[in-house]
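Trainee: The residues making up each chain are set out below.
Protein chains: 4
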Amino acid sequence: MIRYTTQIRVRYRDTDQMGVVYHGVYLEFFETGRTEFLRDAGMAYSSIEDTGIMLPVLEATLTMKRPARYDDLLTVHAIIREMPTARLKIEYEIYRNDEPLVFGHTIHAFVTAGSMRPVRPPHDFVDTLARLMGET
Amino acid sequence: MIRYTTQIRVRYRDTDQMGVVYHGVYLEFFETGRTEFLRDAGMAYSSIEDTGIMLPVLEATLTMKRPARYDDLLTVHAIIREMPTARLKIEYEIYRNDEPLVFGHTIHAFVTAGSMRPVRPPHDFVDTLARLMGET
Amino acid sequence: MIRYTTQIRVRYRDTDQMGVVYHGVYLEFFETGRTEFLRDAGMAYSSIEDTGIMLPVLEATLTMKRPARYDDLLTVHAIIREMPTARLKIEYEIYRNDEPLVFGHTIHAFVTAGSMRPVRPPHDFVDTLARLMGET
Amino acid sequence: MIRYTTQIRVRYRDTDQMGVVYHGVYLEFFETGRTEFLRDAGMAYSSIEDTGIMLPVLEATLTMKRPARYDDLLTVHAIIREMPTARLKIEYEIYRNDEPLVFGHTIHAFVTAGSMRPVRPPHDFVDTLARLMGET
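Residue numbers (the working numbering), protein chains in the order written: chain A, 1 to 136; chain B, 137 to 272; chain C, 273 to 408; chain D, 409 to 544.
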């Protein structure tokens, strides 16, 4: 299992008139968690796209336990439990201090940039994940 | 079962550099589908909030079959299959003409506006849904 | 002068915890006003991009008179007063019934899709605007 | 003059199908620049709202010199040149390394939280700004 942690500050733009974070915004927080994990692992998503491969989201879920609020400093955990095959699953847990707020996951395909045809995950990507799995 | 249909035009703001709609935006399209259904049923969400009751999202999911693109005219179906108890489940199906693009659901709690304590669904709300269920 | 009118419903996503529309969202409402004007004039922005020309925003301003609120039905006026040269200026006025809420403008360049180099406005585009100016 | 600098990473959500940051998003980047300046000055915006005073945006402008792109690490400068009277003006400059990308400003009113009536800027706020102006 790989677990990577990032911090996010809730902006005014992220709130709605309920005085809490709009639910759809958590998918943007998931994006930041996933992006910073990939960058830290030496395979920045921007450099994956430079090789002509994209990882669009096929499925996303989120479960709210407690709402996040304006100016909260959130901790986003991005978690990978299984090696990717045709698809990559990433789980997320968002906390405010020790308080669990939102859990969820995304499932991504590997596709070519132009025609969006499915491809195998790049060797480097798989190798890096395998190495990180071994380390943890 | 209740099924209500709304149309949405994809804006430039909704796209990302993959040239398709950013996945989190579908939750905003679900919101429009749900809002217009409630309005049409005579129980506009704004008037529910006026009574001091809110319906925050507890859970949301989305599954992508095909991406929506800029300027697409989408049809959003909001579907209710079961009478709400403590919670209300709404399903969504987004189409471009006959082509299924994105499916998903949201689950909502009924809570008081200030303290966000759970309450029963308002009588009017339940009666209206029961009537619509009967009609369909 | 050309003036074109579109209606927009304020969504929950558009609000913030101040209970009003987040100021940046008015630029998205301007986009809808401009897009629907171009479509109605027979030169949909998506079809302009299909010819390899894009109209990125070089400048945008907005002045708030009164805030828009959740579920408001807004009227967006998109106004063109001058024929485009290297640049196109569009003004916007947003009303709730007769009440003026937000005014502003955007200035756009005409550029090629790939390299973003400046180009002259397309002949069809200029001709259509000239015709509409004449009619009004 | 007070100048405060923050860094922002461009997310996928911030881009559009032109492959650049959607222009309205720069107002969200301005928000982050302004918020982190206020926090660093010991007058976090969340704590200002706790005293029952809000600073809604009355006017916003932005001028694009060059577009920001996905994954860029941007530097946002928030600049205050004049002491606030009934209104507070903040200027912004966004850079990618030394390259100027976007400039703009926002003008804010001081209003009461409930009724949005204009009030004078809080003494602490004015004192803190005066002290920072003196220091720079």
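Keep in mind the hints are simulated off the structure, nothing from the lab. Heads up, the beta-carbon is just placed ideally off N, CA and C, and yes, glycines get one too. One thing to keep in mind: the hints can contain errors.
Cross-link-like lysine to aspartate or glutamate pairs, in silico, DMTMM-like; alpha carbons within 25 Å at most [unchecked claim]: (1) A:K89 with B:D263; (2) C:K337 with C:D399; (3) B:K225 with A:E59; (4) D:K473 with D:D532; (5) A:K89 with A:D40; (6) B:K225 with A:E28; (7) B:K225 with A:E93; (8) D:K497 with A:D71; (9) D:K473 with C:D312; (10) D:K473 with C:E321.
If you want a taste of the chain A side facing chain B, the calculated C-beta under 10 Å gives, among others [said to hold, decoys possible]: (11) M1; (12) G104; (13) M116; (14) V119.
Trainee: Taking the hints in turn, state whether each one holds.
Mentor: Hint check:
{"no.": "1", "hint": "A:K89 with B:D263", "verdict": "41 Å, violated"}
{"no.": "2", "hint": "C:K337 with C:D399", "verdict": "35 Å, violated"}
{"no.": "3", "hint": "B:K225 with A:E59", "verdict": "19 Å, holds"}
{"no.": "4", "hint": "D:K473 with D:D532", "verdict": "37 Å, violated"}
{"no.": "5", "hint": "A:K89 with A:D40", "verdict": "18 Å, holds"}
{"no.": "6", "hint": "B:K225 with A:E28", "verdict": "23 Å, holds"}
{"no.": "7", "hint": "B:K225 with A:E93", "verdict": "23 Å, holds"}
{"no.": "8", "hint": "D:K497 with A:D71", "verdict": "22 Å, holds"}
{"no.": "9", "hint": "D:K473 with C:D312", "verdict": "31 Å, violated"}
{"no.": "10", "hint": "D:K473 with C:E321", "verdict": "21 Å, holds"}
{"no.": "11", "hint": "M1", "verdict": "23 Å, violated"}
{"no.": "12", "hint": "G104", "verdict": "8 Å, holds"}
{"no.": "13", "hint": "M116", "verdict": "8 Å, holds"}
{"no.": "14", "hint": "V119", "verdict": "15 Å, violated"}
When held up to the earlier numbered hints, the structure conflicts with 1, 2, 4, 9, 11 and 14 and fits the remainder.
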